[in-house]
Amino acid sequence: MKNDIDCRAFEEQLDALTSGELAQSEIEVLRAHASYCADCAVQLRINEHLSKPSLREIEAAVPEELARTVWPRLQGAIGFGVRRRGGVRRPSRFWAFQRPALAAASLLLAVSCGLLLREVIDLRRRESALLQQVADQERWLAGMEARTGAAPVARTAGLAASQSWQRALARSESVTVSELGRLLASLSPRTTVLDSESAGRLARAALFPGTSAWKRVVADLHLDDGLQAGEALELLQAIDLEPDRSISTARFLDLFVRS
Amino acid sequence: MRVNDREISALALAFQRGDQGSLKKLVAILTRPLLARAYRYTGDWDWARDLTQETWVKVNDRIQRYDPSKSFRAWLFTVHRNGCLDHLRRSWLRREVSADVDAIDRMPAPLGSGNPEIELERGEFHRRLVEALSTLSESQRLIFVRVAMEQEEQLEVARDLGISPTTVRTTLHFARRKLAQKLRSMGEIF
Chain A
188 MKNDIDCRAF EEQLDALTSG ELAQSEIEVL RAHASYCADC AVQLRINEHL
238 SKPSLREIEA AVPEELARTV WPRLQGAIGF GVRRRGGVRR PSRFWAFQRP
288 ALAAASLLLA VSCGLLLREV IDLRRRESAL LQQVADQERW LAGMEARTGA
338 APVARTAGLA ASQSWQRALA RSESVTVSEL GRLLASLSPR TTVLDSESAG
388 RLARAALFPG TSAWKRVVAD LHLDDGLQAG EALELLQAID LEPDRSISTA
438 RFLDLFVRS
Chain B
-16 MRVNDREISA LALAFQRGDQ GSLKKLVAIL TRPLLARAYR YTGDWDWARD
34 LTQETWVKVN DRIQRYDPSK SFRAWLFTVH RNGCLDHLRR SWLRREVSAD
84 VDAIDRMPAP LGSGNPEIEL ERGEFHRRLV EALSTLSESQ RLIFVRVAME
134 QEEQLEVARD LGISPTTVRT TLHFARRKLA QKLRSMGEIF
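Keeping their order, the protein sequence lines are chains A and B. Mapping of the first sequence onto this note's numbering: residues 188 to 446, in sequence order. Mapping of the second sequence onto this note's numbering: residues -16 to 173, in sequence order.
Watch out, some of these pointers could steer you wrong.
Each pair of labels, with its calculated beta carbon distance range [what the hints assert, rightly or not]:
| # | chain 1 | residue 1 | chain 2 | residue 2 | range |
| --- | --- | --- | --- | --- | --- |
| 1 | B | 11 | A | 212 | 23 to 31 Å |
| 2 | B | -10 | A | 299 | 51 to 59 Å |
| 3 | B | 50 | A | 214 | 36 to 44 Å |
| 4 | B | 157 | A | 289 | 47 to 55 Å |
Quick list of in silico lysine-lysine cross-link-like pairs, DSS-like style, CA-CA up to 30 Å [to be verified]:
| # | chain 1 | residue 1 | chain 2 | residue 2 |
| --- | --- | --- | --- | --- |
| 5 | B | 7 | B | 41 |
| 6 | B | 8 | B | 41 |
| 7 | A | 239 | B | 161 |
| 8 | B | 7 | A | 402 |
| 9 | B | 53 | B | 8 |
| 10 | B | 7 | B | 53 |
Stretch-level coverage of chain A by chain B, calculated; a stretch enters the list once three of its residues show a Cβ under 8 Å from a Cβ in chain B [said to hold, decoys possible]:
| # | region |
| --- | --- |
| 11 | 223 to 236 |
| 12 | 254 to 261 |
If you're looking for bench data, these hints aren't it; they were derived computationally from the structure. Glycine included, C-beta positions come from ideal geometry on N, C-alpha and C.
Please construct the entire structure, taking both the sequences and the accompanying hints into account.
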């Protein structure tokens, strides 16, 4: 046997040393090499440190009390007595598995809310535009009223009443004869309820032959500046319809023309 | 309690199919080897118990991933080894971040002679050795701990990792060299 070895040979024999396969003389050769080779000396130290005690010796030295505590602690950690297929269920794991689904649902909800919010904002914008349009039309109507030549105070009152009249008719699709009578009676008699163009059609209709009471009433009216509430009420009474008869608001003018 | 690999794998299969009693039997059979290995890494019985318990919790959670055609013992020890190495990585990180002296003190000497001076020296050496492991690459560390710390056969390690025995031997050689150099750089220890 050689009295000296190189580092490679030293290292190769370390495992044999660990497993106790070397004779005393071989161990001494290894130690001799380690006495002047610092790196191999450290390796020998590591080897000895890890081999004494061996893993088997450590296993034999495991404190019995320590080993006994593992199962009760484990039961506490994984949820005692809760059974499932393939292991013992820990309650919190359920939610852990649901997290991806919950995250997806949350994302979907957020996107839906975003779309809904955008729709609401769009609707509000359209509502503002419509209100602006209504205001513009009312201004235009006011301008038209101003051109009728009425006195400023009467014009203003007439305009307000006219707009109320239009709004009242616009609120429902039809009214009864008695409701229309009450509506006309509630207005100032000077309130214009039909513009001059519509009133002109009424006047032309009255020129056709016939002896209806309403034609006689129309013949006495001055319709150049439209039909006013007092005149309309007089006409309604002249037509003498049943009070419960329903009249389409869109066809209000036709009521007079066809009667 | 000596139980062969086939019986252990049968218990694991039963547990995989929902038999909770099999888990209890597995814990009774395999807890001591796990404690011994964790103690080998940490040199501390309390840490060894915590790491062993963590391993069993992982086994409970991941039992469906176990392939019954393979050795349950090998699978279990792999899970356990990974947990122990993660624990060491965390302790290395703590040292780097805060020079946590307490973390170092939590690694006392492995089982020894009972002589306080020798125990102190062994404890110090063990602490430095564990710290030096942090300088190895992942593959060097894995092969070193399996061969040198867990005393597995090189051939078995090579077969399990799917690499050649020569690769294991070469990697082990470089790992030992690196460890020796690191330990020497840490100061006089002899």
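Hint check:
At roughly 45 Å, the beta-carbon separation of residue 11/B and residue 212/A lies outside the given 23 to 31 Å, and the hint is violated. Here the CB-CB span from residue -10/B to residue 299/A is close to 56 Å, well matched to the stated 51 to 59 Å. The hint said 36 to 44 Å for the Cβ distance between residue 50/B and residue 214/A, and at roughly 43 Å that hint holds. Look at residue 157/B against residue 289/A: about 48 Å separates their beta carbons, and that is inside 47 to 55 Å.
Of the supplied pair hints, the one linking residue 7/B and residue 41/B holds, its CA atoms being roughly 15 Å apart against a limit of 30 Å. For the hint pairing residue 8/B with residue 41/B, the CA-to-CA distance comes to about 16 Å; that is within 30 Å, so the pair holds. Between residue 239/A and residue 161/B the CA atoms are separated by roughly 22 Å; this keeps the pair inside 30 Å, and the hint holds. Among the hinted pairs, residue 7/B with residue 402/A is inconsistent with the structure: their alpha-carbon atoms are about 109 Å apart, more than 30 Å.
Straight-line distance between C-alpha atoms of residue 53/B and residue 8/B comes to about 19 Å, which keeps the hinted pair within the 30 Å bound. Between residue 7/B and residue 53/B the CA atoms are separated by roughly 21 Å; this keeps the pair inside 30 Å, and the hint holds. Restraint check on the region 223 to 236 of chain A versus chain B: 10 residues with Cβ-Cβ distances below 8 Å, three needed, restraint holds. Chain B is given as covering the region 254 to 261 of chain A, and this holds because 6 residues of the stretch bring a CB closer than 8 Å to a CB of that chain, at least three being needed.
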